[in-house]
Amino acid sequence: MSGMPLLEVEDLHVTFRTASGPVHAVDGVSFTMKPGSSLGVVGESGSGKSVTARALLRLFAITDDVQISGAVHFDGQDLLRIDERRLRDVRGGQIGMIFQDPLTSLNPLMAVGEQIAESLRLHRGMSRSEAAAEAVELLARVGIADPEQRATELPSSFSGGMRQRVMISLAIACRPRLLIADEPTTALDVTVQAEILLLLDELRRSEGMALMLITHDFGVVAATCDDVQVMYAGKLVEKASMAHLFDRANHPYTEGLLRLVPRFEDAHTGRLHPIPGQPPITGGGGSSCAFAPRCSYAVDRCRSEVPPEVAVGPQHLSACWLATDRAKDNTEAGQPWRRAQ
Amino acid sequence: MGMQETTETTPPSQRPRRGGLRRWLRDLRPASDRLVAGGSLSGLLLRRLRDGVIVLLLVVTVIFFLAHVVGNPALVFAPVDATDEHIAELHRQFGLDRPVAERYWEYLVGLAQLDFGESTWQQRPAIDAVKEALPSTIYLTVVGLGAAAVLGVVPGIVAGARARKPFDKTSNLLSVAALSVPNFWLGLLLILVLGVQLGWLPTSGRFETASIVMPALTLGIVHGGRIFQLVRSATFEEMSKPYVTVARSKGLTEWNILRRHVVRNTGVTTATIVGWEYVRMWGGAVFAIEYVFAWPGVGLLTIDAAHRQDFFVLQAAVIIAGAFVIFSNLLIDMGYQFIDRRIAAS
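One line per chain: the protein sequences are A and B, in this order. Note that our numbering has the first sequence beginning at 1, numbered continuously upward. Note that our numbering has the second sequence beginning at 342, numbered continuously upward.
For the record, the hints were derived by calculation from the structure and aren't laboratory data. Be aware that a few hints might be false.
Stated by the list, open to error - If you only want the chain B side, here are some residues facing chain A, beta carbon under 8 Å, derived:
no.	residue
1	ARG439
2	ALA504
3	PHE508
4	LYS510
5	THR511
6	SER512
7	PRO583
8	VAL587
9	SER590
10	LYS591
11	LEU593
12	ARG600
13	ASN606
14	THR610
As the list claims (entries may be wrong) - Computed list of lysine to aspartate or glutamate pairs in DMTMM-like fashion (alpha-carbon distance at most 25 Å, straight line):
no.	chain 1	residue 1	chain 2	residue 2
15	B	LYS582	B	ASP509
16	B	LYS506	A	GLU84
17	B	LYS582	A	ASP65
18	B	LYS582	A	GLU10
19	B	LYS510	A	GLU130
20	B	LYS506	A	ASP189
21	A	LYS34	A	ASP146
22	B	LYS582	A	ASP64
23	B	LYS582	A	GLU8
24	A	LYS328	A	GLU309
25	B	LYS582	A	ASP89
26	A	LYS34	A	GLU10
27	B	LYS506	A	ASP83
28	B	LYS582	A	ASP226
29	B	LYS506	B	GLU595
30	B	LYS582	A	GLU153
31	A	LYS34	A	GLU202
32	A	LYS328	A	ASP201
33	B	LYS582	A	ASP247
34	B	LYS506	B	GLU578
35	A	LYS34	A	GLU114
36	B	LYS582	A	ASP75
37	A	LYS34	A	ASP65
38	A	LYS34	A	ASP300
39	B	LYS510	A	ASP65
40	B	LYS582	A	GLU207
Here a beta-carbon is modelled for each residue, glycine too, at the ideal position from N, C-alpha and C.
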């Protein structure tokens, strides 16, 4: 039982058909999560990290012309193949989800208590009054003062951080085994960010649920996650444990992202280290390394063949033609992204 | 401006949309706002009532000046071969030789007592003719609006929620056809098909229960088309908001998302749209429809009065129809203040 993964994603592809041609938002992503583990998914906007999360629950708008292939094994079933009814049991029941913008994620005309109770009645079969009482408990659980009163109020009377707390209480209402948080702190003030991350981490430990945290900010991952995977143009380019990645980042893209984290030591120089260029807007699906045009290490091979995932250490994969050489460099001379500063 | 103006503190984007006239009036009203200030619903009702009275007064004044000052009723009533002396005599008889201010005051006092003058054609007070016609028009417009709401609101919600699916495409096409067809032509078409060829329904007048069906259906189709368009786009817009994705991530069915979340949020818009269509009916369609179907309402009365140069009936019909529109507008306004807690709270 303990060895069984909670979530196993196999060769996930998500393609949007748009007026200007297909966009391969997710291009062959595979990963697993153990029960109670925490995984950070890092990448720029458009790297496919949010689409990956949404694809797990098939949460797309009705107007999206989207094709999903691969497999998402969760609790003995393939979420991509089960019918709508069983999928709805998983949504909000076994998998909870938190979204980026707490200001628009709640129904502006429904009391927050009612929005939480809705889930409870649906998945835990509670009566109206039981659900209302439990909603108050949940609000207290995420640190909202005077929960009885607050439960009857509309989202407009809550601040951004408080709304994200409400959103979290909603997502964990049915004690999910997996909580997916899609950029949960991006829209919040820095001090509030820290509180929300602390709350997520604390809830993960106390409820024993797994946490998948999607972000563009390595700082957020570092504070919360055991494992991390980096996405670029719909592909996973590097996976490792958090500690390992910080010490031995292998992929040039990861290196670039780590350089982007502003550091106090850089304050006097006032210098940031942006990665030149833009990620491709059509996602993956090419016949070269998608990062090659922006990579300062790129060699000819990078522009003609897609690099495979290479093991560069225990539980450490990197999709780069130079991965093995770079791994050697890393152990010998330390992190180039640190050395470069 | 005054501290009591609680409504002025909301940012412009959150204020309910208002016409230019309303905005202009708002600038005029700070003084009386102090008398009827407060964010309460009854305070708001008082303010809206006052605004309504001001608008009605404007309507009445414009009519007075157009008819009594710019125009010359004596010329209208005089026979074609009347001599100048005869016209002067009529002029005196109507009291047109007296000062404008005096006549205006008398006119207002008369209106306040519901005295609109005598009908020259029907030989009775003009107000009686309008009173007799009014219930027919109210009946027709209310049934017509009901038909429009049934044809527009529910399909609009479904089409918005299933955007770009076959139902949406089909109903969208139909609604565009419905709202672009001239209403009188549609009325004639219905008369031809349902009345003359199939013989299912009476074609004109108001003599039996079924008489209402065709005129109300015509109104329903034309106005339902526009209601459909607006409700559809409001629903579609609402469906793309993040909270709908959240509701989906909670495991709600599409039907429950629509029923419990989306409709609640589009309710205000829908109520406003339907209310506006009611006002629009009074503004025009009802005249054409009543004429086509010989429906004995205010529209037909107005057209008849115009034909027969029955000035006082014409004036009474226009003022009362105007008052009715203003009053309906007020009801819509209050209704939607009531629905939306946010607007009421701000």
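**Prompt:** Okay, which hints does this one fail, numbers in order?
**Reply:** Structure breaks hints 1, 3, 4, 5, 6, 12, 14, 18, 19, 20, 21, 23, 28, 32, 33, 35, 36, 37, 38, 40.
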